[in-house]
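Under our numbering, think of the first position of the sequence shown as 1, with each following residue one higher.
Source of the hints: derived by calculation from the structure; they are not laboratory data.
Hints should not be assumed to be uniformly reliable.
30 Å max Cα-Cα, derived DSSO-like pairs, lysine-lysine [as the list claims (entries may be wrong)]:
| id | residue 1 | residue 2 |
| --- | --- | --- |
| 1 | K54 | K6 |
| 2 | K54 | K99 |
| 3 | K42 | K6 |
| 4 | K54 | K5 |
For each label pair, taking beta carbons as the anchor points, the in silico distance ranges come out as [as the list claims (entries may be wrong)]:
| id | residue 1 | residue 2 | range |
| --- | --- | --- | --- |
| 5 | N8 | R81 | 38 to 44 Å |
| 6 | R33 | K56 | 31 to 37 Å |
| 7 | R81 | K5 | 20 to 26 Å |
| 8 | H61 | P85 | 16 to 22 Å |
| 9 | K6 | Q104 | 17 to 23 Å |
| 10 | T53 | H9 | 22 to 28 Å |
| 11 | A88 | E30 | 29 to 35 Å |
| 12 | T100 | G4 | 39 to 45 Å |
| 13 | R136 | A108 | 46 to 52 Å |
| 14 | R136 | H9 | 19 to 25 Å |
| 15 | R136 | F7 | 30 to 36 Å |
| 16 | V116 | R2 | 30 to 36 Å |
We put the CB at the ideal spot given by N, CA and C, even for glycine.
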Amino acid sequence: MRHGKKFNHLGRTSSHRSALLSNMACSLIEHKRINTTVAKAKALRVYVEPLLTKAKEDTTHNRRIVFAYLQSKEAVTELFRTVAPKIAERNGGYTRIIKTGFRQGDAADMALIELVDFNELYNPNADEKKTTRRSRRSTSTAKVAVEAPAVEEKVEEAKAESTDSTEEKAGE
């Protein structure tokens with residue numbers, strides 16, 4: 001009976017499962033998204049999110065704890081240098097799982113797991129936001145069209161005043 005055993009064993013021994021999750025976590029950190037089965041993606045999310053939380057505070061202790069899980073210096077360096085500053089203000093939910101259908105060979109349910117802050121398409125807080133929505137009547141052009149005659153009138157008045165002052169000078 002499996003009373004109280006909540007996590008997915010993925011059909012592997014404990015050492016094989018920990019090696020699998022460690023390698024998948026390193027790949028996720030280095031590539032920012034990986035394609036895998038839904039069961040492995042859900043197990044990876046439980047495995048990697050506490051590591052991402054630890055990476056927010058860059059201390060020697062936290063680096064050693066994360067290294068004990070990942071066993072890769074490159075992944076730890078990437079995590080603390082590039083990933084941690086981007087997720088610093090986020091309070092959790094660092095990963096996103098997107099189901100992508102079924103695998104051709106064995107019809108396994110596949111998913112894409114990615115780091116949320118590294119996807120430019122879904123990130124609402126992106127600095128360089130591209131706008132693809134266009135309307136027939138833009139508010140910015142309407143404002144320019146309304147303000148343009150007023151500016152032209154001011155310019156014409158300024159020209160008239162300058163010609164008046166030059167005529168006065170010529171008359172003196």
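Against the structure, the hints come out as follows:
{"no.": "1", "hint": "K54 / K6", "verdict": "holds, 23 Å"}
{"no.": "2", "hint": "K54 / K99", "verdict": "holds, 27 Å"}
{"no.": "3", "hint": "K42 / K6", "verdict": "holds, 12 Å"}
{"no.": "4", "hint": "K54 / K5", "verdict": "holds, 25 Å"}
{"no.": "5", "hint": "N8 / R81: 38 to 44 Å", "verdict": "violated, 31 Å"}
{"no.": "6", "hint": "R33 / K56: 31 to 37 Å", "verdict": "violated, 21 Å"}
{"no.": "7", "hint": "R81 / K5: 20 to 26 Å", "verdict": "violated, 37 Å"}
{"no.": "8", "hint": "H61 / P85: 16 to 22 Å", "verdict": "holds, 19 Å"}
{"no.": "9", "hint": "K6 / Q104: 17 to 23 Å", "verdict": "violated, 32 Å"}
{"no.": "10", "hint": "T53 / H9: 22 to 28 Å", "verdict": "holds, 24 Å"}
{"no.": "11", "hint": "A88 / E30: 29 to 35 Å", "verdict": "violated, 20 Å"}
{"no.": "12", "hint": "T100 / G4: 39 to 45 Å", "verdict": "violated, 32 Å"}
{"no.": "13", "hint": "R136 / A108: 46 to 52 Å", "verdict": "holds, 48 Å"}
{"no.": "14", "hint": "R136 / H9: 19 to 25 Å", "verdict": "violated, 58 Å"}
{"no.": "15", "hint": "R136 / F7: 30 to 36 Å", "verdict": "violated, 55 Å"}
{"no.": "16", "hint": "V116 / R2: 30 to 36 Å", "verdict": "holds, 32 Å"}
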